[in-house]
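Protein chains in written order, with the working numbering: chain H, 1 to 492; chain R, 1 to 492.
To be clear, the hints were calculated from the coordinates, so they are not data collected in a lab.
Every value quoted in this text rests on a predicted model; they were computed, and no experiment measured them.
Accuracy of the hints is not assured; some may be wrong.
One copy or any two copies: either way a pair holds, since identical chains are not told apart in the list.
Distance condition first, Cα-Cα at most 30 Å in a straight line; then the derived DSS-like pairs of lysine-lysine [stated by the list, open to error]:
{"id": "1", "residue 1": "K346", "residue 2": "K298"}
{"id": "2", "residue 1": "K458", "residue 2": "K263"}
{"id": "3", "residue 1": "K292", "residue 2": "K263"}
{"id": "4", "residue 1": "K458", "residue 2": "K15"}
{"id": "5", "residue 1": "K346", "residue 2": "K458"}
{"id": "6", "residue 1": "K298", "residue 2": "K458"}
{"id": "7", "residue 1": "K283", "residue 2": "K458"}
{"id": "8", "residue 1": "K128", "residue 2": "K458"}
{"id": "9", "residue 1": "K128", "residue 2": "K283"}
{"id": "10", "residue 1": "K292", "residue 2": "K346"}
{"id": "11", "residue 1": "K346", "residue 2": "K128"}
Number of protein chains: 2
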Amino acid sequence: MEAGTLDFESTVFDKEYVTFAGRREAIVRGGRHLFERLPAAFEGVRQLGVIGWGSQGPAQAQNLRDSLGDAVKVVVGLRSGSSSLDAARAAGFTEEDGTLGEMYEVIAASDMVLLLISDAAQAEHYRKIFDNLRPGTTLGLSHGFLLGHLLDIGERFPEEVDVIAVCPKGMGPSVRALYEQGATVNGAGINASFAVEQDVTGRALERALGWSVALGAPFTFQTTLGSEYLSDLCGERAILLAGVHGIVESLYRRYRDHGLDAKQAFRHSVESVTGPISKTISKSGLIGVYEKLDDQEKEIFATAYSAAYPVGLELTAEIYDEVSAGNEIRSVILAGWRSDRFPMGKIDQADMWRVGETVRADRAVDSDAPLDPFTAGVFCGVMMAQVDILLEQGHPYSEIANESVIEAVDSLNPYMHARGVAYMVDNCSTTARLGARKWAPNFDYRLTQQSYPAVDDKAVDPAPFEAFEGHLIHEVLRVCSEMRPSVDIFVE
Amino acid sequence: MEAGTLDFESTVFDKEYVTFAGRREAIVRGGRHLFERLPAAFEGVRQLGVIGWGSQGPAQAQNLRDSLGDAVKVVVGLRSGSSSLDAARAAGFTEEDGTLGEMYEVIAASDMVLLLISDAAQAEHYRKIFDNLRPGTTLGLSHGFLLGHLLDIGERFPEEVDVIAVCPKGMGPSVRALYEQGATVNGAGINASFAVEQDVTGRALERALGWSVALGAPFTFQTTLGSEYLSDLCGERAILLAGVHGIVESLYRRYRDHGLDAKQAFRHSVESVTGPISKTISKSGLIGVYEKLDDQEKEIFATAYSAAYPVGLELTAEIYDEVSAGNEIRSVILAGWRSDRFPMGKIDQADMWRVGETVRADRAVDSDAPLDPFTAGVFCGVMMAQVDILLEQGHPYSEIANESVIEAVDSLNPYMHARGVAYMVDNCSTTARLGARKWAPNFDYRLTQQSYPAVDDKAVDPAPFEAFEGHLIHEVLRVCSEMRPSVDIFVE
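Using the sequences plus the hints, can you model the full thing?
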């Protein structure tokens with residue numbers, strides 16, 4: 001992965017360069033005024049097949065239909081007998097007008113096919129899917145998992161098709177909701193990354209950019225399919241889901257041990273992260289959290305940060321290795337085979353999450369959650385550790401900021417804030433849910449075994465925090481915040 | 001794996017059949033009176049090279065030298081410049097008399113080579129090791145990890161050598177200490193399993209049995225190299241190390257939450273497992289624990305057992321899959337590459353283990369730890385889940401009993417009893433230490449998320465316990481207890 005070498009030339013859309021901490025990355029700015037260029041971007045595509053009706057499927061099919069109008073026919077493809085057929089019909093995709101059909105027939109009849117079925121289903125059915133792609137078709141993915149699986153089993157994409165990706169940085173319902181808001185609110189939408197893995201038609205780049213613009217992405221960043229799945233699987237197994245879960249469980253226990261009652265412990269751990277810490281990072285970055293603290297709190301933050309950072313670095317490095325080596329992808333496949341016998345259990349039945357229900361119900365009458373400086377230090381330390389691992393591995397700065405920071409504070413933590421940890425984790429993909437379950441307890445144990453005893457024994461090495469204030473991520477996040485969609489993601 | 005088909009014919013040692021719950025398994029009974037048969041077993045072996053001086057190396061080299069006398073020359077091989085050279089010299093292996101040398105020279109000069117270096121070193125150096133084996137050499141392993149690694153990378157053992165294994169069911173220091181006791185105490189020693197993976201000389205079986213008898217094994221069971229590493233890696237990642245660690249941490253927290261003070265919580269969790277529960281299982285099996293309880297305690301046990309068993313089953317199935325697929329072996333290799341940057345951290349720095357030091361110091365003045373029926377139910381439920389997964393996978397009964405029950409209560413838990421969890425885990429191999437760190441938190445979380453809430457909500461499905469009293473493992477353990485060495489493993 002050499003992110004520094006990525007660039008592209010589009011004849012349909014205007015490329016801009018964004019400079020992040022001295023590194024230039026090419027992007028495309030979206031907007032409804034560009035929808036008139038979509039026919040040019042989709043030149044040669046008469047039919048666009050959207051396969052699957054899970055999280056991304058309904059959102060993308062509807063956004064694309066609305067954006068493309070008469071230029072391209074958007075057809076949803078589902079397994080025959082799929083339980084989602086009625087939902088697709090309710091959204092206006094019907095057999096009668098030829099916009100709903102059996103998935104393999106839709107694949108064979110489409111010039112561009114967006115494969116939005118689950119990772120497990122992609123792994124199970126990829127051979128038959130590939131066999132149904134006509135030469136010259138553009139295969140679109142919203143996630144690089146399939147590439148990882150193919151690499152793992154020594155297979156490849158068919159040579160005679162384009163392979164591109166557009167990966168929205170939010171769950172499907174948000175992709176739809178912010179698109180709808182975008183009709184009236186300037187700049188509403190979900191940013192996305194794109195990648196061109198194979199280009200046999202010579203149109204792969206324009207189709208990828210057109211797809212992203214049509215979804216309503218305010219900004220579209222470039223990456224590679226490999227970089228996408230590595231950062232995505234690593235991110236959800238580290239700070240985005242597992243990391244934050246392990247952090248708040250370990251902190252809740254620590255605050256209880258230190259004498260806080262259950263509700264206060266919940267406020268100083270979970271509510272502090274999902275409330276003031278996430279909101280502050282969203283507006284003014286990691287450095288913004290630190291700057292909000294008084295001198296005494298800054299010391300507490302610095303100690304907690306330096307104690308947590310090494311644990312975050314060690315575990316994120318382990319997770320990155322496990323993803324790179326294919327272990328995590330194989331684990332997901334194996335879990336799929338066991339899933340009938342062992343359906344995934346609930347993760348929010350312990351006392352602390354029951355307390356959380358009460359805390360949330362009390363919110364209207366109680367004051368806001370505190371910006372706890374210890375909690376903030378731990379959270380920022382583990383988050384920065386992931387940033388540093390992805391930097392070492394050469395990911396694009398825009399991807400690092402999205403997969404380590406922005407997705408956490410703008411997209412995921414709001415779910416935990418609304419209804420607890422399970423609502424955040426179990427609204428994600430099966431791949432993410434499995435990874436979160438496996439790694440969250442490891443963050444908890446390492447923090448409890450190493451970070452907190454170091455704090456209590458006054459044995460924390462201050463080196464990690466010494467690199468905090470001058471870290472290049474602050475400048476990257478400042479630039480990203482200028483590209484932040486104007487509307488917060490709404491969580492029901 | 002079809003364990004039912006294993007059998008062997010020896011012309012040197014007397015085979016006996018043991019009947020476990022209707023299944024016959026062939027074994028060899030050891031003893032010092034058989035040492036006179038060792039020259040016949042080792043026929044054609046003039047020099048026996050013992051490579052490595054870690055846990056098994058010193059024990060096996062000394063036991064073999066003492067047992068074989070003048071019949072076979074035992075030579076220790078170490079890396080040049082190895083930090084263990086002095087220790088080997090102190091044990092009487094010296095360059096002067098040709099019983100200590102550079103490892104590749106020793107490998108090339110020996111007729112039988114016991115490869116007792118670490119798993120990581122085997123994975124790193126196997127190619128050069130294989131290149132130095134003369135055709136017709138007998139390669140001996142004490143663990144199947146190398147087979148797993150070779151399968152994972154698509155390699156094989158060299159075709160022109162024997163490949164055998166003898167796997168003592170205890171750590172190296174115990175293998176030496178009980179051998180020494182065996183000189184005066186009849187039946188002292190560590191049981192072992194053996195396997196013949198390749199036999200080009202026609203002498204592989206006799207050499208394997210001779211090796212085990214020479215180590216002082218009171219009983220030697222048959223397995224395959226594949227079965228050995230699957231059950232070994234799975235066992236240490238499940239009940240033997242990770243499982244018991246996660247169990248006692250989750251129970252300690254539960255008992256604290258229920259109002260016990262720190263010492264009492266430690267006694268009802270850790271001390272109960274390492275004390276009365278392990279001692280009872282050792283003498284009278286899992287059923288013996290249940291039979292010691294009064295009626296009210298039996299109900300508590302049954303509920304805890306039924307609540308914990310599904311979690312144990314699900315996680316042990318996951319771990320077994322991860323080991324079978326090669327993921328755990330790859331993880332160990334990857335961790336080796338990271339180990340300079342990220343040395344393994346301590347696992348016993350949290351408050352509960354500091355309390356444990358006090359509890360142990362108080363033992364002389366306080367009464368014995370209680371046989372807590374809830375703790376016993378959880379421990380036995382997770383243990384039985386592992387037994388059932390290994391039964392499903394067709395492992396020999398003797399191996400299942402050893403890798404799920406006997407090693408826990410006779411070999412490992414005594415270490416935790418003596419000095420806490422780190423003393424148990426970190427006296428094991430790097431492979432085991434890594435696996436214990438990764439999976440222990442998962443046992444803790446699943447029990448806390450699923451088992452204990454089910455108990456508190458009175459929503460436990462009683463089905464698992466209904467299969468407990470009639471389970472075939474009780475008969476298997478009864479037969480095994482007749483083969484139990486007469487001396488307990490001594491923990492310093």
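Taking the hints in turn, this is what the structure says about them:
no.	hint	verdict
1	K346 to K298	between (37 Å within a copy, 28 Å between copies)
2	K458 to K263	both (28 Å within a copy, 25 Å between copies)
3	K292 to K263	within (24 Å within a copy, 41 Å between copies)
4	K458 to K15	neither (51 Å within a copy, 61 Å between copies)
5	K346 to K458	between (37 Å within a copy, 16 Å between copies)
6	K298 to K458	within (16 Å within a copy, 46 Å between copies)
7	K283 to K458	neither (33 Å within a copy, 46 Å between copies)
8	K128 to K458	neither (60 Å within a copy, 47 Å between copies)
9	K128 to K283	neither (46 Å within a copy, 57 Å between copies)
10	K292 to K346	neither (36 Å within a copy, 34 Å between copies)
11	K346 to K128	neither (34 Å within a copy, 49 Å between copies)
The structure shown violates the earlier hints numbered 4, 7, 8, 9, 10, 11.
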